[in-house]
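Protein chains in written order, with the numbering used here: chain A, 1 to 249; chain B, 1 to 249.
Think of the hints as simulated: they come from the structure by calculation, not from any bench. It is possible that part of the hints are untrue.
Identical chains share a label here; the pair holds if one copy fits it or two copies do between them.
Simulated pairs of lysine-lysine, DSS-like, Cα-Cα distance not exceeding 27 Å [to be verified]:
| hint | residue 1 | residue 2 |
| --- | --- | --- |
| 1 | K208 | K93 |
| 2 | K242 | K225 |
| 3 | K242 | K226 |
| 4 | K15 | K181 |
| 5 | K241 | K148 |
| 6 | K148 | K181 |
| 7 | K93 | K234 |
| 8 | K241 | K138 |
| 9 | K13 | K63 |
| 10 | K197 | K93 |
| 11 | K213 | K189 |
| 12 | K225 | K241 |
| 13 | K241 | K226 |
Model, not experiment: these values are computed from the prediction.
Residues per chain are reported as follows:
There are 2 protein chains.
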Amino acid sequence: MIDTIFNHRSIRKFKTEPINPDILNIILEAGIRASTTGNMQVYSIIVTTSKELKDKLWECHFKQDMVKTAPVILTFCADFNRFNKWCELREAKPGYNNFLSFMTGAIDALLAAQNIAIAAEAYGLGICYLGTAIYNAKEISEILEIPKNVVPITAIAMGYPSEIPPLTDRLPLEAVVHYEKYYDYDDDKINLLYSQKENLPFYQELVKLNNKKNLAQIFTDNRYKKEDNVLFSKKYLEFIKKQGFMNNE
Amino acid sequence: MIDTIFNHRSIRKFKTEPINPDILNIILEAGIRASTTGNMQVYSIIVTTSKELKDKLWECHFKQDMVKTAPVILTFCADFNRFNKWCELREAKPGYNNFLSFMTGAIDALLAAQNIAIAAEAYGLGICYLGTAIYNAKEISEILEIPKNVVPITAIAMGYPSEIPPLTDRLPLEAVVHYEKYYDYDDDKINLLYSQKENLPFYQELVKLNNKKNLAQIFTDNRYKKEDNVLFSKKYLEFIKKQGFMNNE
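Input sequences plus hints: build the corresponding full structure.
Given below as structure tokens:
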């Protein structure tokens, strides 16, 4: 079991073979066993397999090939639509049109997503998270007919792997874990924690290829640029508001 | 492996027995194997075991007993502090002081948290999520000396279980899962999806005990009230801003 977790690698190339519906069902059931705030289950999972819809989603996910080639795309959403409808049918007045409720739904959705990721891998499937679900949440919602009080949080491409990439490098555990309190980093510590990563031939090649001074600049100048972050921050916040989660007074 | 996921129940009563440090280490290593956006690992995990600190955290977590009695409290944070420091040391200009970056860190933190939850359970430990990490993120950050560019997202109480509660009920899978597109709910569907839950003797007793008309009112009037949601929405958003994640222009 623990081996499944330690063997995780993101899979971006899939066989055309569809996922057995019974297995997909068990994986989804594993998803809904995850902890959920107050057992409210304020999230939804959209399982998309149709070529037509995947082709449309592909545009939203920055045209990453795997969105077309994976047999299944799962879109995980914070969802108070179902819960609010239940409350209203029961003469209970829902007070969930605010940012805290958005976060509650987002947490629920992400814990279910990770259960599904692990369960899928336990069945020999491969997955890759699509962070782009946030970038183009608005367009994804139009395609998937997502109503008010529902916001996409993340997505997963899933299928049988047609590649076995090497395990991804990670910073040493001590970079991420703090004991008792937060232990802040001085320059020496940062240099130490990142040195192994910076010395990997793969990254050194990447830096050279992109004509950058170092790996950090690959992130700030190429992959996760300020102008994009600002643009998508505004866009996502506007969408969260439009969906009804920003009435905080 | 899949059994671990299907056997999850939140544990709120723990033995006094501390967690073996080697096992805790494997569990934390399992945490950092989770997917992370662009392999940036923009999150931190704070492992708190000291009685003094747990007593202080207990106040922040609405005085839930398990925060005092669990041998370990893990606080999961969105963290761009480490990444920004690295960028700045490398003459790379970080552009991560915005809401998108907050969400990126939150997603990273939550996927790692769920890996840790499952790994812990695979080793016979029990866990309970503490959603209150968001409610009092500010106070928790003071106690744990959390710096700017870091925000608590969730927390987990962990230890050897001294109870085996029954599995928690869940809505049927069809309540949470949509095929191809989002399939919106009409009144009949809502009634159908919630009927099994509403008929559970445990909830019916709870409704009677609280002098409410139905279970939905337990949520709206007692457990997750609008006034609290609004208060904690404002508080959390202010804190996210203070920590440096709301420069979206």
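Hint check results:
In this assembly of identical chains, K208 and K93 lie within 27 Å of each other by CA distance solely across copies; the values are 19 Å between and 59 Å within a copy. Taking the shortest Cα distances, K242 and K225 sit within 27 Å of each other both inside one copy (26 Å) and across copies (22 Å). Taking CA atoms no more than 27 Å apart as the test, K242 paired with K226 passes in both settings, with 24 Å inside one copy and 19 Å between copies. Proximity of K15 to K181 under the C-alpha cut-off of 27 Å is restricted to the inter-copy arrangement: shortest distance 23 Å between copies versus 46 Å within a copy.
Taking the shortest Cα distances, K241 and K148 sit within 27 Å of each other both inside one copy (10 Å) and across copies (26 Å). Taking CA atoms no more than 27 Å apart as the test, K148 paired with K181 passes between copies only; the shortest distance there is 14 Å, against 40 Å inside one copy. In this homomeric assembly, K93 and K234 come within 27 Å of each other (Cα to Cα) only across copies, at 20 Å, whereas the closest approach inside a single copy is 30 Å. For a Cα distance limit of 27 Å, the shortest separation of K241 from K138 qualifies both inside one copy, at 11 Å, and across copies, at 24 Å.
Taking the shortest Cα distances, K13 and K63 sit within 27 Å of each other inside one copy (14 Å), while across copies they are farther apart (48 Å). In the homo-oligomer, the alpha carbons of K197 and K93 lie at most 27 Å apart only across protomers (19 Å), although the nearest pairing inside one protomer, at 52 Å, exceeds that limit. Taking the shortest alpha-carbon separations for K213 and K189, only the intra-copy value of 20 Å comes in at or below 27 Å, while the best inter-copy value is 58 Å. For a Cα distance limit of 27 Å, the shortest separation of K225 from K241 qualifies both inside one copy, at 24 Å, and across copies, at 20 Å.
For the homomeric pair K241 and K226, the shortest alpha-carbon distances inside one copy (22 Å) and between copies (17 Å) are both at most 27 Å.
Hint violations for this structure: none, all hints satisfied.
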